[in-house]
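S.K.: Sequence:
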Amino acid sequence: MFVFEEDYCFDWPVKVAYPTGGGEEIREFTARFRLPADELQIFEPDKDPDDKAAEDNAAPPAPTDIRALIARSRDRLAQYWIGWTGIETPAGTPLPFSEDTRARLLKQRPIRLAIDAALSEAILGIREKN
7 MFVFEEDYCF DWPVKVAYPT GGGEEIREFT ARFRLPADEL QIFEPDKDPD DKAAEDNAAP
67 PAPTDIRALI ARSRDRLAQY WIGWTGIETP AGTPLPFSED TRARLLKQRP IRLAIDAALS
127 EAILGIREKN
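For the sequence shown, this note's numbering gives the first residue as 7, with consecutive numbering after it.
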């Protein structure tokens, strides 16, 4: 039987590629994500999918700088990345989830890209090619 859960959450593996000695080192953990209520939110997080009037009167997107694009990406990912397991401190203790810690992690490009790839893979079925 199918049971509809309006606020569905799930765990998904994340592979972070850190640069090292001309190659990369893959570090893995498990992210906990919240499924967006509407798939349009993945692409347009600031837009209410039920607001038809705003959609009809929408202006074309304004050009923006790279800082604004990265900030928007971080904000979008933070809406859906709600926890983790398998991330440790240098002392070997589990790194507890908090909004501040998540924000610090998303500032590192390899982590942000890995979270974005994992979310896309999980929700959209888009897998990165090797």
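It should be emphasised that the hints constitute simulated quantities derived from the structure, not laboratory data. Nothing here was measured: the structure is a model prediction, and the numbers come from that model. For glycine and all other residues, C-beta sits at the position ideal for the given N, C-alpha and C. Accuracy of the hints is not assured; some may be wrong.
Unchecked claim - Between beta-carbon pairs, the in silico distance windows are:
(1) Leu130 / Ala77: 29 to 37 Å
(2) Leu130 / Ala97: 34 to 42 Å
(3) Glu105 / Ile129: 20 to 28 Å
(4) Ala84 / Pro19: 15 to 23 Å
(5) Lys113 / Pro19: 17 to 25 Å
(6) Pro19 / Pro96: 16 to 24 Å
(7) Met7 / Ala109: 38 to 46 Å
(8) Glu127 / Leu46: 15 to 23 Å
(9) Ala43 / Arg78: 18 to 26 Å
(10) Glu12 / Ile32: 18 to 26 Å
(11) Val9 / Thr107: 27 to 35 Å
(12) Pro96 / Ala43: 32 to 40 Å
S.K.: Next, verify each hint and record whether it holds.
M.R.: Evaluated hints:
1. Taken as a hint, the range 29 to 37 Å is violated for the pair Leu130 and Ala77, whose Cβ atoms sit roughly 22 Å apart.
2. A hinted range of 34 to 42 Å holds for the C-beta pair Leu130 and Ala97, which are about 37 Å apart.
3. For Glu105 and Ile129, the hinted distance range of 20 to 28 Å is satisfied, since their beta carbons lie about 21 Å from each other.
4. Under the hint 15 to 23 Å, the C-beta atoms of Ala84 and Pro19, about 19 Å apart, fit the expected range.
5. Evaluation of the 17 to 25 Å hint for Lys113 and Pro19 yields a pass: the beta carbon distance comes to about 22 Å.
6. For Pro19 and Pro96, the hinted distance range of 16 to 24 Å is satisfied, since their beta carbons lie about 22 Å from each other.
7. Between Met7 and Ala109 the beta carbons are some 39 Å apart, a value that agrees with the proposed interval 38 to 46 Å.
8. A hinted range of 15 to 23 Å for the beta carbons of Glu127 and Leu46 is consistent with their spacing of about 19 Å.
9. Here the CB-CB span from Ala43 to Arg78 is close to 19 Å, well matched to the stated 18 to 26 Å.
10. With their beta carbons about 35 Å apart, Glu12 and Ile32 fall outside the hinted range of 18 to 26 Å.
11. Taken as a hint, the range 27 to 35 Å holds for the pair Val9 and Thr107, whose Cβ atoms sit roughly 32 Å apart.
12. The given range of 32 to 40 Å is respected by Pro96 and Ala43, whose C-beta atoms sit roughly 38 Å from each other.
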